[in-house]
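So the protein sequences, as listed, match chains V and P. According to numbering that gives the first Met the number 0, the first sequence holds residues 0 to 282 in order. According to numbering that gives the first Met the number 0, the second sequence holds residues 0 to 269 in order.
In case anyone wonders, no lab produced these hints; they're calculated from the structure. Don't take each hint at face value.
With a straight-line Cα cutoff of 16 Å, these simulated EDC-like cross-link-like pairs (lysine to aspartate or glutamate) come out [said to hold, decoys possible]:
1) LYS167(P) x ASP85(V)
2) LYS186(P) x GLU127(V)
3) LYS153(V) x GLU139(V)
4) LYS180(V) x ASP85(V)
5) LYS186(P) x ASP210(P)
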Amino acid sequence: MTAITAINENRQEPIRENVRLGPEIISVRDIVKTYPGGLRALDHISLSVRQREVVVVIGPSGSGKSTLLRCLNGLEEIDSGEIVIDGVPLDEDPGHRLTIRTEVGMVFQSFNLFPHMTALQNINLAQEQVRRKSRKEAEETTMALLARVGLTDKAQAYPAQLSGGQQQRVAIARALAMHPKVMLFDEATSALDPETIGEVLEVMKGLARDGMTMVVVTHEMGFAREAGDRVIFMENGRILEQASSDDFFSNPRQERTRDFLGQILCGPVPGPAESTPNAKEQL
Amino acid sequence: MTARTKAATVPGFLVAHYRDFLLYGLFLGAVAWFIASGEQGMGYHWKWYRMPRYLVQITEDGWVLGPLLQGLLVTFKISGLSLILAMIFGLTAAIFRLSDSFTARLVAKGYIEFIRNTPLLTQIFFIYYVIGPIFGLGAFGSAVLALSLFEGAYASEIFRAGIVSIHKGQWEAAHSLGLSRLDTYRKVIVPQAVRRILPPLTGVGVTLIKDSSLASTIAIYELTQQGNIVSSDTFMVFEVWFTVAAIYLAVTFPLSMFVTELGKRMRTAE
């Protein structure tokens with residue numbers, strides 16, 4: 000818990016103040032993805048993410064936001080278009096695919112920890128098998144990461160012995176152990192009990208503060224406002240609106256975006272001219 | 000307190016099921032009568048006192064295993080080796096069947112269908128008389144190969160079911176960490192799958208011990224073949240085959256009980 004309290008203490012400071020964005024690291028050009036049933040999940044999406052940028056993707060369910068994320072690390076195949084991550088194109092080349100899988104970390108809604116391994120072993124595994132680290136080196140990294148997510152005392156615990164929030168924090172540490180250049184979060188807090196959502200969001204905000212490049216699919220508008228540089232609103236496989244996080248919430252341009260925000264924030268959202276005071280507090 | 004309640008429930012159980020116990024007693028009596036009348040009709044003389052020497056003999060060097068128990072050791076040797084090989088064949092075939100490669104799937108499918116749709120005895124003869132001479136495989140090697148190929152085909156279905164039962168998220172997590180397909184199988188999927196399929200896999204072991212009796216047909220001196228020899232030497236047909244059956248039962252029954260118990264525990268654990 001110590002790491003969490005430490006994060007909580009600096010809460011007043013704006014999270015992104017000291018982060019300077021770098022050059023483009025993710026380039027998505029005109030990608031199309033159709034599922035076997037004929038459902039077009041991604042309809043000509045283009046997107047660019049800069050180094051150390053935090054991009055939050057929101058939208059109603061079925062809008063294609065999770066599919067977009069899953070395409071970025073090759074979990075889903077695209078029909079056409081181009082994805083380049085840190086100069087490596089995601090194409091047929093197995094070497095390229097492996098590089099991208101290794102350099103892009105992903106956190107899932109259902110944690111997907113390996114249930115037969117302790118927290119320590121979960122985080123060690125890929126370091127030893129993929130990065131070819133020795134057990135000792137891997138364990139050093141692992142313990143440092145567990146401290147970072149506030150779970151030093153849970154190293155020997157199996158996933159079934161951990162709460163949802165703790166499992167998700169282990170999953171984040173597991174992804175970080177690969178020193179990824181980009182982290183993808185696929186509704187990382189949607190499966191959690193309300194009381195454990197906060198501890199996971201704090202870890203994610205900590206990463207944002209440290210300048211991790213992140214693409215975050217979430218329904219947590221508070222996180223989007225506080226930690227996001229840019230918000231993308233998707234519907235029916237298309238990007239309907241994107242703006243800097245401040246603009247997006249205070250000044251949504253599209254009627255549809257206002258409707259969606261109104262629904263999700265449980266109250267009316269003012270038109271372009273006005274502002275939305277304390278929208279996140281209502282969450 | 001608990002002891003008293005327990006003492007009270009046991010006779011209660013007997014009373015509640017007295018009809019079942021009565022019927023069971025009658026059934027056993029009928030079986031005994033059937034065997035006894037058959038034996039009398041044939042004028043058979045039981046010579047149980049002559050049986051122990053075929054199990055254990057005392058010589059000047061001390062205790063020596065009789066032919067039946069020596070046969071049991073051979074049965075163990077064949078079954079044990081075949082079990083290891085069957086697991087390898089089974090796991091490989093299962094992974095081939097789940098592979099993206101069309102060729103691998105075809106090879107696995109062909110193997111499984113061929114094995115499952117021909118009799119084991121035919122396979123043993125085929126390997127002993129046709130394949131064996133080509134590769135210089137003796138009777139023992141042929142028996143082990145035939146049995147492991149046969150049980151491997153059935154084990155592969157069990158492995159496949161176990162692998163498929165592992166949640167897709169496990170594959171996705173391994174993928175996103177950059178693990179290779181082999182490492183994902185080795186470290187993530189198979190360890191979880193084996194836990195789930197341990198009961199049916201132990202069942203394969205039980206079947207293997209029983210099916211190894213077919214190795215007697217290609218002159219391997221395992222338990223059944225030794226029984227054959229002893230019974231034709233001594234004409235103690237009843238005693239020998241009762242004993243052989245009892246030995247098989249003594250080995251396989253505890254294993255089967257273990258399987259049932261394991262299955263129950265796994266269900267409650269999940």
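Status of the hints after comparison with the structure:
1. Of the supplied pair hints, the one linking LYS167(P) and ASP85(V) is violated, its CA atoms being roughly 28 Å apart against a limit of 16 Å.
2. A threshold of 16 Å between alpha carbons decides the hint, and for LYS186(P) with GLU127(V) the separation of about 11 Å falls inside it, so the pair holds.
3. Distance restraint check for LYS153(V) and GLU139(V): the Cα-Cα separation of roughly 15 Å lies within the 16 Å cut-off, and the hinted pair is therefore satisfied.
4. Straight-line distance between C-alpha atoms of LYS180(V) and ASP85(V) comes to about 8 Å, which keeps the hinted pair within the 16 Å bound.
5. For the suggested pair LYS186(P) and ASP210(P), the alpha carbons sit about 33 Å apart, so the restraint of at most 16 Å is broken.
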